[in-house]
Amino acid sequence: MAKRVGIEVSIAVAEAAKLAKVDLVAAYPITPQTHIVEHLAELVADGELDAEFVPVESEHSAMSVCVGASATGARTFTSTASQGLVLMHEVLFIASSMRLPVVMAVANRALSAPINIWGDHSDAMAVRDSGWIQIFVTNGQEAIDNVLCAFRIGEDRRVLLPVMVHLDGFALTHMIEPIIFPEQNEVDSFIPPFNPPLPLNPEKPVTMGALGPPSIYTEVKKAEDVALIESKKVILEVWREFGKTFGRHYAPVEKYHSDGAKAILLAMGSYSETAMVTIDKMRREGKSVGFINLRLWRPFPFEELREAVKDAEVLIVLDRAVSFGGPGGPVFSEVRSALYPLEKKPKVVGFIGGLGGRDINMAGFEEMITRGIESAKSGRKEEYEIFGVRE
Amino acid sequence: MTKKTIEKKKAPEELTWKDVELGCYLTEPGSATRFRTGDWKTRRPVWDKSKCNPKCALCYTYCPEGCVAKEPDGYFEADLYYCKGCGICAAECPRKAITMVEE
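Chains A and B, in that order, give the protein sequences.
Residue numbers are given in numbering that gives the first Met the number 0: position 149 of the first sequence equals residue 148, and the series is strictly consecutive.
Residue numbers are given in numbering that gives the first Met the number 0: position 24 of the second sequence equals residue 23, and the series is strictly consecutive.
Rather than coming from a laboratory, the hints here were simulated on the basis of the structure.
For each residue, glycine too, the CB sits at the ideal point set by N, CA and C.
Take the hints with a grain of salt, since some may be wrong.
Ranges between beta-carbon positions, derived for each pair [unchecked claim]:
no.: 1; chain 1: B; residue 1: Glu70; chain 2: A; residue 2: Gly211; range: 29 to 37 Å
no.: 2; chain 1: A; residue 1: Gly46; chain 2: B; residue 2: Gly29; range: 37 to 45 Å
no.: 3; chain 1: B; residue 1: Glu27; chain 2: A; residue 2: Ala112; range: 45 to 53 Å
no.: 4; chain 1: A; residue 1: Asn200; chain 2: B; residue 2: Glu12; range: 45 to 53 Å
no.: 5; chain 1: A; residue 1: Ala112; chain 2: B; residue 2: Glu13; range: 44 to 52 Å
no.: 6; chain 1: B; residue 1: Gly29; chain 2: A; residue 2: Lys232; range: 36 to 44 Å
no.: 7; chain 1: B; residue 1: Lys95; chain 2: A; residue 2: Gly325; range: 53 to 61 Å
no.: 8; chain 1: B; residue 1: Glu27; chain 2: A; residue 2: Glu176; range: 48 to 56 Å
no.: 9; chain 1: B; residue 1: Cys85; chain 2: A; residue 2: Gly46; range: 32 to 40 Å
no.: 10; chain 1: B; residue 1: Glu20; chain 2: A; residue 2: Glu89; range: 17 to 25 Å
no.: 11; chain 1: B; residue 1: Cys85; chain 2: A; residue 2: Leu341; range: 51 to 59 Å
Derived SDA-like pairs: lysine to any residue, alpha-carbon spacing no greater than 20 Å straight-line [what the hints assert, rightly or not]:
no.: 12; chain 1: A; residue 1: Lys203; chain 2: B; residue 2: Glu27
no.: 13; chain 1: A; residue 1: Lys203; chain 2: B; residue 2: Leu14
no.: 14; chain 1: B; residue 1: Lys17; chain 2: A; residue 2: Leu197
no.: 15; chain 1: A; residue 1: Lys221; chain 2: B; residue 2: Tyr24
no.: 16; chain 1: A; residue 1: Lys220; chain 2: B; residue 2: Leu14
no.: 17; chain 1: A; residue 1: Lys232; chain 2: B; residue 2: Leu21
no.: 18; chain 1: B; residue 1: Lys83; chain 2: A; residue 2: Leu210
no.: 19; chain 1: A; residue 1: Lys221; chain 2: B; residue 2: Lys17
no.: 20; chain 1: A; residue 1: Lys232; chain 2: B; residue 2: Lys17
no.: 21; chain 1: A; residue 1: Lys203; chain 2: B; residue 2: Lys83
no.: 22; chain 1: A; residue 1: Lys203; chain 2: B; residue 2: Val19
no.: 23; chain 1: A; residue 1: Lys380; chain 2: A; residue 2: Pro326
no.: 24; chain 1: B; residue 1: Lys83; chain 2: A; residue 2: Gly211
no.: 25; chain 1: B; residue 1: Lys83; chain 2: A; residue 2: Pro213
no.: 26; chain 1: A; residue 1: Lys221; chain 2: B; residue 2: Trp16
no.: 27; chain 1: B; residue 1: Lys17; chain 2: A; residue 2: Val225
no.: 28; chain 1: A; residue 1: Lys221; chain 2: B; residue 2: Val19
no.: 29; chain 1: A; residue 1: Lys261; chain 2: A; residue 2: Leu341
no.: 30; chain 1: B; residue 1: Lys17; chain 2: A; residue 2: Met97
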């Protein structure tokens, strides 16, 4: 029987890695990820988790160790945030292009300067094109469930790609939530042992990361792009099986009263739950509004998104990151681009908000939705608006 | 020092994206011997046998690619499949027996 316990989400994420029986953890502590790594170090030191814990000197080294370990066929986990994620940026691309299914929990946090330890998605968006599968969660239970799914997805021989599970720093990592933990035997049968086809093995030598000259690099990148696109089939399959086994269901695009709604708000991460409560209130007042939670960020779920918004008049997109000098927040510009080929599509309105830990409460979301609908009608001049900024 | 015959594989430019090994791994050691690694040279070395005396093998010794080998007649020659045209052999030859010729 699964247990339901009140636990800090960071500790629960570490416990999920333990349930997945990771062989190696290499990580460097950084707020707000620290408790995840501290707890894993404790589990290894106390002999509760039979794994190597490598206390590296930087995040660049953390990901490098993960790459090396995963290449030998070890189940590998790490976690970071913000500056740590951008410091390991170089190695992220190596993990994905060498097809190594490292799993990483990212405790999303703003980027410096100025130093800001609080939550937003600028770290995640900076690694958007790193070739990793990227999943956003809205609460602690989803974080645990998706860390477990991440091993199963990434290590599948049809995928062999690293996976990031994005959970908002503080808003999720430091919350105490009731979490349902599956039993060890249930996890064991859900995640089969990692058995990569071409691990580093002196008996059967392989070379990874050799030179790829102009004559082959394009073909390698095409193969990598196809692998990430096609991973969606396996992601759906794993989420379906997870739902069947554990009773909690996940989808790339999750609809909340959005079918038939004239205006839809789209967001990612922990703010989605506040947005949903706002939608409840506005619907009680007779407004035709709905919500979409974008869970799967890479590979981008084009079909699911198009289907979910096809009948809406307005789609309001919240970004928690700035694409400086660009076409709006990264989510907004991708969503708009995804809808561009459609004959009939909603007007897309972009807001950037919730930066560096600034809350958006129910009143804030209500204002955003109302203003978004008005902007779509009147046709505002700016491509996007930074929500709540003091002028 | 004597020339070896190696089976030469199809060049990378003949592979499609579906032929690429997982993660572009190399699945056998020393596989570069089967690839045309000399395709970017702009000049190639040409030996003047009349000046090559006493076949000192400095060209063989200095070649960073190991692509200079002894022919059956005892003189040296570069395997242009691998030769990158660096010109080190020509620079090192004490008899100036090697000339770098435009490709």
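Each hint, compared with the structure:
no. : hint                           : in the structure
1   : B:Glu70 / A:Gly211: 29 to 37 Å : 34 Å, holds
2   : A:Gly46 / B:Gly29: 37 to 45 Å  : 44 Å, holds
3   : B:Glu27 / A:Ala112: 45 to 53 Å : 49 Å, holds
4   : A:Asn200 / B:Glu12: 45 to 53 Å : 30 Å, violated
5   : A:Ala112 / B:Glu13: 44 to 52 Å : 50 Å, holds
6   : B:Gly29 / A:Lys232: 36 to 44 Å : 37 Å, holds
7   : B:Lys95 / A:Gly325: 53 to 61 Å : 60 Å, holds
8   : B:Glu27 / A:Glu176: 48 to 56 Å : 51 Å, holds
9   : B:Cys85 / A:Gly46: 32 to 40 Å  : 57 Å, violated
10  : B:Glu20 / A:Glu89: 17 to 25 Å  : 23 Å, holds
11  : B:Cys85 / A:Leu341: 51 to 59 Å : 56 Å, holds
12  : A:Lys203 / B:Glu27             : 8 Å, holds
13  : A:Lys203 / B:Leu14             : 24 Å, violated
14  : B:Lys17 / A:Leu197             : 17 Å, holds
15  : A:Lys221 / B:Tyr24             : 15 Å, holds
16  : A:Lys220 / B:Leu14             : 13 Å, holds
17  : A:Lys232 / B:Leu21             : 19 Å, holds
18  : B:Lys83 / A:Leu210             : 16 Å, holds
19  : A:Lys221 / B:Lys17             : 9 Å, holds
20  : A:Lys232 / B:Lys17             : 19 Å, holds
21  : A:Lys203 / B:Lys83             : 31 Å, violated
22  : A:Lys203 / B:Val19             : 19 Å, holds
23  : A:Lys380 / A:Pro326            : 13 Å, holds
24  : B:Lys83 / A:Gly211             : 17 Å, holds
25  : B:Lys83 / A:Pro213             : 16 Å, holds
26  : A:Lys221 / B:Trp16             : 6 Å, holds
27  : B:Lys17 / A:Val225             : 10 Å, holds
28  : A:Lys221 / B:Val19             : 10 Å, holds
29  : A:Lys261 / A:Leu341            : 17 Å, holds
30  : B:Lys17 / A:Met97              : 16 Å, holds
Comparing the model with each numbered hint stated earlier shows that hints 4, 9, 13 and 21 do not hold.
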